[in-house]
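Those protein sequences? They're chains A and B, same order as listed.
Anchor point for the first sequence: position 329 equals 329 in the working numbering, and the numbering is continuous, going up by one each time.
Anchor point for the second sequence: position 302 equals 302 in the working numbering, and the numbering is continuous, going up by one each time.
Worth flagging that the hints you see were computed from the coordinates, not collected in a lab.
A hint or two may mislead.
Which copy? The list can't say, so a pair holds if one copy fits it or any two copies do.
[Stated by the list, open to error] No more than 20 Å apart at the CA atoms, straight line, and that leaves these computed lysine to aspartate or glutamate pairs for EDC-like:
(1) K160 - D299
(2) K302 - E16
(3) K160 - E16
(4) K160 - D211
(5) K160 - E292
(6) K160 - E300
(7) K302 - E259
(8) K160 - E33
(9) K160 - E296
(10) K302 - E200
(11) K302 - D80
Protein chains: 2
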Amino acid sequence: MSALPLDSPETVTFAELVDLLQRIFLRHGVAEEVAAALAHNCATAEQDGAHSHGVFRIPGYLSTLASGWVNGQAVPQVEDVAAGFVRVDAGGGFAQPALAAARELLIGKARETGIAILAIRNSHHFAALWPDVEPFASVGLVALSVVNSMTCVVPQGASKPLFGTNPIAFAAPCAGTDPVVFDMATSAMAHGDVQIAAREGHNVPAGTGVDRDGQPTLDPQAILDGGALLPFGGHKGSALSMMVELLSAALTGGHFSFEFDWSQHPGARTPWTGQLLIVIDPDKGAGHSFAERCRELVDEMKGVGVTRLSGDRRYRNRAQAQVSGIVLPGAELTRLRELAQG
Amino acid sequence: MSALPLDSPETVTFAELVDLLQRIFLRHGVAEEVAAALAHNCATAEQDGAHSHGVFRIPGYLSTLASGWVNGQAVPQVEDVAAGFVRVDAGGGFAQPALAAARELLIGKARETGIAILAIRNSHHFAALWPDVEPFASVGLVALSVVNSMTCVVPQGASKPLFGTNPIAFAAPCAGTDPVVFDMATSAMAHGDVQIAAREGHNVPAGTGVDRDGQPTLDPQAILDGGALLPFGGHKGSALSMMVELLSAALTGGHFSFEFDWSQHPGARTPWTGQLLIVIDPDKGAGHSFAERCRELVDEMKGVGVTRLSGDRRYRNRAQAQVSGIVLPGAELTRLRELAQG
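Produce the entire structure from the sequences given, and follow the hints as far as they go.
Structure representation (structure tokens):
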């Protein structure tokens, strides 16, 4: 009788994964509401097949918590500044509980005034961005979010990195189907995907990044070891990344991607910056229902041959996971279970 | 004594060019306020060295006016929908006078509520987008605008064009210097620049577009003659272009880039769509002055080797033109003067 191979796949339900991750966070000094928000976010990414933001992130979360760099117990302070403007001081904690604390206020303002802004500062964002915007589209609103991160992207025309990967996420309701959602790093590749390429030992596409000498490289490890990423789409992606710095940091009162110093916190992984969300009530516009119009656009896109929209793969993975569970390597699950108890 | 060469350059002041263009528009059936807005916009582009949106556009304006496709006499109808939401029905006229009509209301709302949205529909936009956002930054506000145009861009993964060139423009105040402004087509190249390349007979970069058979081409004329443009930056630029369609058309109540039919109007050139502006009062955010923070970012960008920001060339051209005038080929000015009188 041979032993079960350590890495034979094992299946868990979404609820089981959320529960497991929540216990891990609680076990590592995170407050209950924070643990709930992070666990839900991380399990969603894993379920949706976005592995670079799924359980792959757990060691980074625990490392950054252990370093004292992020405050897992922070209580977000929500400030109602104006009819369309909400600020949150995340208190050096994670961005997700800060958004959760302001969410209802933000939605109420957007429905009342037509558009509202949420400016989160003093926050750590270490997750995918689409889980922050999709829920607004699920209740009929249009949402746009940007978050800056940590210096690892060379602005177009520069010789050294300055910007973060600085993603932009957008969500819009779509009649009769899932919301239209995208979440794109303004770097040529997301940081997590470079880490995964390095771990798996395969090259990245040309134009992704440079090595420590500023020379173009296809080696993900060279990008991580003192090298840097490039913006997507040349000067246009670079301009968008600059915009993300201005909106996420200058406007919120958070740090730019190059402004924080974690050298006194070995193991720190999470960027201490800011996040901006803009939420619009699209039915204040003229004409037909926005969601119906969105559906018309999607149908026309399919008509000219688009077979996959930005969020489609995630929705397919999600539907699959809801039927047959989330598949993880057995060794990974064993490690997670140890972290929840250890 | 030899005759002056027809194309020897001639110099005019900005005010002279505005006046000349205004007389052209008035002479071709455009109402006074509309003529003022279009002339100022077009002269600004010429002065700033953005030739594809300068006097180069005049024949297109006159052709589209003569075709009866756009209403040069339209009076924009401003609707105050909510504390942060303004709609304008441009009445089948140009977008610039619609923005001008709503501008003060929009600024007042942004200062009061922190953020405000302007949804223009039933409008024709045939100009650069940065002149629409820069003035907001000049009074301390952050502005973002998108406008969809006409089918000429193949969505990523599609076989036929659907989107317009769908630009995104952004402006932010910057302490002690000109606002930070960018204006980017979400296509690999702006339509006017393809036309200029075709006129001047030089190739466009690889990845710019496809010919009528959907094959990649470097020939700008092949792109214009039944071919199409590609989005910038692959699937990311394509997703942004989709977002522009949703915000500019679905949200405003305007047409998508593929929805209007100008076949009954030979000579029509202007896309009949919609435009969205979002204006934010950045000093509702926490912390230091936004403009000071913007300046810090710009200084850091220069520190890592960025020698030219998005708007720099325009500001340099503008400063030069204010000292020594705007230089145009003599034949071009002669043609313009004939159009103003003819």
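Hints, one by one, checked against the model:
When the C-alpha separation of K160 and D299 is checked against a cutoff of 20 Å, the pair qualifies only between copies, where the shortest distance is 14 Å, while the shortest distance within a copy is 43 Å. Taking the shortest alpha-carbon separations for K302 and E16, neither the intra-copy value of 36 Å nor the inter-copy value of 50 Å comes in at or below 20 Å. When the C-alpha separation of K160 and E16 is checked against a cutoff of 20 Å, the pair qualifies neither within a copy, at 44 Å, nor between copies, at 45 Å. Taking identical chains as interchangeable, the C-alpha atoms of K160 and D211 lie at most 20 Å apart only when both belong to the same chain, with a minimum of 11 Å there against 38 Å between chains.
For the homomeric pair K160 and E292, neither the shortest alpha-carbon distance inside one copy (46 Å) nor that between copies (23 Å) is at most 20 Å. In this assembly of identical chains, the alpha carbons of K160 and E300 lie at most 20 Å apart only when taken from different copies (11 Å versus 42 Å within one copy). In this assembly of identical chains, K302 and E259 lie within 20 Å of each other by CA distance solely across copies; the values are 16 Å between and 44 Å within a copy. With identical chains, the CA atoms of K160 and E33 are never at most 20 Å apart, being 39 Å at best within one copy and 48 Å at best between copies.
Proximity of K160 to E296 under the C-alpha cut-off of 20 Å is restricted to the inter-copy arrangement: shortest distance 17 Å between copies versus 44 Å within a copy. Taking identical chains as interchangeable, the C-alpha atoms of K302 and E200 are never at most 20 Å apart, the minima being 34 Å within one chain and 36 Å between chains. When the C-alpha separation of K302 and D80 is checked against a cutoff of 20 Å, the pair qualifies neither within a copy, at 42 Å, nor between copies, at 36 Å.
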